[in-house]
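Participant: Residue-level listing of the chains:
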Amino acid sequence: MKRIMFILGLVGSWVFLLGTSNLAWAKDPDYPVRPIELYLPMSAGGSTDLASRALINAANKHLPQPIVPINKPGGGGTIAAMAVKTAKPDGYALGTITMSGALTPPFSEQPPYKDLNCFTWIVNFGTFVFPVIVKNEAPWKTWREFTEWARKNPRATKLGITGSKYSDYKALVLWQVEQQEKAKFTYIAFKGSAEVLSAILGGHINVYGSTVDAATMPYVQKGDLRIIAYLGNNKVKGYEDIPSTKDLYGIEIPDLLAIIGPQGLPDQVVKKLEEVFAKAVKDREYVEVMNRMHMPVIYMDRVTLKKQIDEAFAYTAKAYEKLKEEEAKEKK
Amino acid sequence: MEILQNLFAGFSIAFVAVNLFYCFTGVLIGTLIGVLPGIGPVATMSLLLPVTYKMDPIQAIIVLAGIYYGAMYGGSTTSILVNIPGEAASVVTCLEGYKMAQKGRAGPALGIAAFGSLIGGCFSLIGLMLLAPTLASFALRIGPPEFFSFLCTGLTVVIYLTSGSIIRALMMAALGIILGCIGQDPESGSFRFVFGFHHLLSGIDLVPFIMGLFGISEVFLNIEKRLQKRTIYEGDIKDLLPNLQDWKGSIKPILRGSILGFLVGILPGGGPVISSFASYAMEKKVSKHPEKFGSGAIEGVAGPETANNAATGGSFIPLFTLGIPSNVVMALLLGALVIHGVTPGPLLMQQNPKIFWSVVASMFIGNGMLLVLNLPLIWIWVQVLKVPYRILFPLILLFCLVGAYSVNNSNFDVALMLLFGVLGYLMRKFKYDAAPMVLAFVLGPMFENSLRQSLLLSDGSFGIFFTRPVAAVGMVAAILMLLSSVIPFIRKKRRRILEEEAVDGGIGKIN
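In order, the protein sequences belong to chains A and B. By the count of our numbering, the first sequence reaches residue 459 at its end, each step adding exactly one. By the count of our numbering, the second sequence reaches residue 519 at its end, each step adding exactly one.
Hints may contain errors.
Label pairs and their computed distance ranges (CB to CB) [as the list claims (entries may be wrong)]:
no., chain 1, residue 1, chain 2, residue 2, range
1, B, SER196, A, LYS188, 56 to 64 Å
2, B, PHE23, A, LYS215, 47 to 55 Å
3, B, ASP467, A, GLU448, 25 to 33 Å
4, A, PRO238, B, LEU491, 23 to 31 Å
5, B, VAL395, A, ILE197, 30 to 38 Å
6, A, PRO191, B, ALA25, 36 to 44 Å
Some but not every residue of chain B turned toward chain A, in silico, with C-beta under 7 Å [unchecked claim]:
no., residue
7, PRO194
8, SER196
9, SER198
10, PHE201
11, HIS206
12, PRO333
13, VAL350
14, THR351
15, PRO352
16, LEU393
17, ASN417
No lab work stands behind these hints, which were simulated from the structure alone. Where is the CB? At the ideal position from N, CA and C, for every residue including glycine.
All chains should be built: construct the whole structure from the sequences, respecting the hints.
Facilitator: The structure is reproduced here in structure tokens:
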């Protein structure tokens, strides 16, 4: 009897040990058990960096182990994206990705990734507003007046942007606007919004086509600069009556400021992160920081986000195809 | 009067114990990372930005600004002592400073760098207080064509950055421009010299470039020497502070450096690096004994070290008056302001005068602290010259590696730095100077961008550089600079050829 009990006990404890150890090494139920690295695509102090850091601060309130931001700037976001893509899919290496960083690289000369399935799309946590801004004393008061003038004066519109059509999504949108309006803009590329802002304030260019940020809005509020339209669908609070390209032409810009991971992230990791970030975007401090930078908080869970990404990718591919066609025609 | 009142209000905030503590912390960290080769203010401030979230905005800006101008003080130390720039802005200090150290005059070099920094720093702060609004509107008028004409002037000075062959200096400048082209074309988005490395898309970063060319190559160069007992300077070290003679030679360069540095600091994209190069070139140009440059002329230390500090004050003008950051460091400070709920922009000085004036006051205090901190340290630093290479150089290598990695958290940058180390080593072996290459590398991309932007603005007409008054002045200055340096060169060449023809009957040997 004693012997049977002993054997039973042995078998029982063995089964128990097997069961727990199996759980422990196969699933990592306590994820995260060590700090999570989050690669930021831009350098410290910019909108993307500050927004991501504010989100992390909010998310860390709900995590046993902190998320640690690491700036990996360069290549318009491709360096950080590549770092995520090549990381081990265990949930300890994530990244922030922006619209231009996600949607333009697959269509560049030497694409670092051909499609966007090489990432696990976790959540979207915000977006940017892209106003078209002119000086207050400019002859055009509205978008209509401006486009009329632009049509009559081809290439007289000197539009400051922060990249080219192949690196900056806004430029691609503006090109579509040009097509619709049969107008011709001259694009002048600058290194960042700050340079575009100083160029328009100095009167060197006549249209500002960059992101709105904490530096731009004081000039609009003071009355030195005026928003005449928005690219895409988002508007600055208090300036909602100005038309967007969605209102005017049905041209949208996907809202994209998202957290990604490498392909094949375990399901329970994604679920855990989704749950934490869903709480983080409602955090009061996070919302305040976003308001200060005039960035809308737009939350999407992974299903909605993935659906949007697939649609946006297909749409962008078509737009670039058309752009390349037109450019080939022009060359002839 | 109002300014004095404001300043006193500022001082009353800056002198609060906790603010003094943050100011001291900032300048101390700044000096340290300035001294350490490779580790620079940008990486450090990025790292410390989140730490400042919990402070109030004034303290955050005080500590971050302290790191920035503190680094400019510290940077000269490494340049003078071991011929490796502690900071990108101290590259030219190597040219004369190290030569002085080799002659046993490291003390006066360090001393004049510290005093020059103090004077330049305070001068630019006074400029910041009195002229900020006026100069801000001037800065806005500098568009691409104006900037291009300044850059033309800037590029003409490359030949002053060598004490050797001018042809070689020009070759190096051309190489610098080519290296500056690497990355994504700003207008068309096409890839240039990227060779499938996506890390090259944004171009080569300045820190791995400089640390490779100057830091790693210096280490390589010394490996071939016998490491056992070698130190940089073996004799007795003479006076620790600059004497009257040194002061006489330095006072004018310091004044010129203050003005030049301050003005360059205001320009978009300008800053300490360009201002130090410009000051060195100017000193060599106006000097009565340009032949002394390259063998330890104190003017070549005093001018650039003053200018890079003056530039830090100047670069605060666009930030505080316009809310526009003129360089990476200012972009970081802008981010800090935003995080703390302070709206930067044209109304900052009216809405939040406390921030502006207390930061200015703290910078006066900080500059004073730096002098007090640095003068007694000179004695300690000079002892570094006595440290054997076998101890000193592994440490330098380590800091360079950490520094190159820290800018973008990228291993690729570390590899690049080692590559430039090999290149720098070969260049030194074959007597090609790296300084002209660095200047061309810094100015090249700006030169290209502003040229293309200008031509897009003018629909392709070069007239834009001559019809806009400020641009025209810049272009004329550039042409005059070019002529004034080329004519004597040609004259000398011709004379030499004639002499040689006279000697060997027409078979001239061109050096």
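Participant: Determine for every hint whether it applies to the structure shown.
Facilitator: Here is what the structure says about each hint:
no.	hint	result
1	B/SER196 to A/LYS188: 56 to 64 Å	45 Å, violated
2	B/PHE23 to A/LYS215: 47 to 55 Å	52 Å, holds
3	B/ASP467 to A/GLU448: 25 to 33 Å	29 Å, holds
4	A/PRO238 to B/LEU491: 23 to 31 Å	49 Å, violated
5	B/VAL395 to A/ILE197: 30 to 38 Å	34 Å, holds
6	A/PRO191 to B/ALA25: 36 to 44 Å	38 Å, holds
7	PRO194	5 Å, holds
8	SER196	6 Å, holds
9	SER198	6 Å, holds
10	PHE201	12 Å, violated
11	HIS206	5 Å, holds
12	PRO333	5 Å, holds
13	VAL350	9 Å, violated
14	THR351	6 Å, holds
15	PRO352	6 Å, holds
16	LEU393	36 Å, violated
17	ASN417	5 Å, holds
Hints 1, 4, 10, 13, 16 from the list above are not met by this structure, while the remaining hints are.
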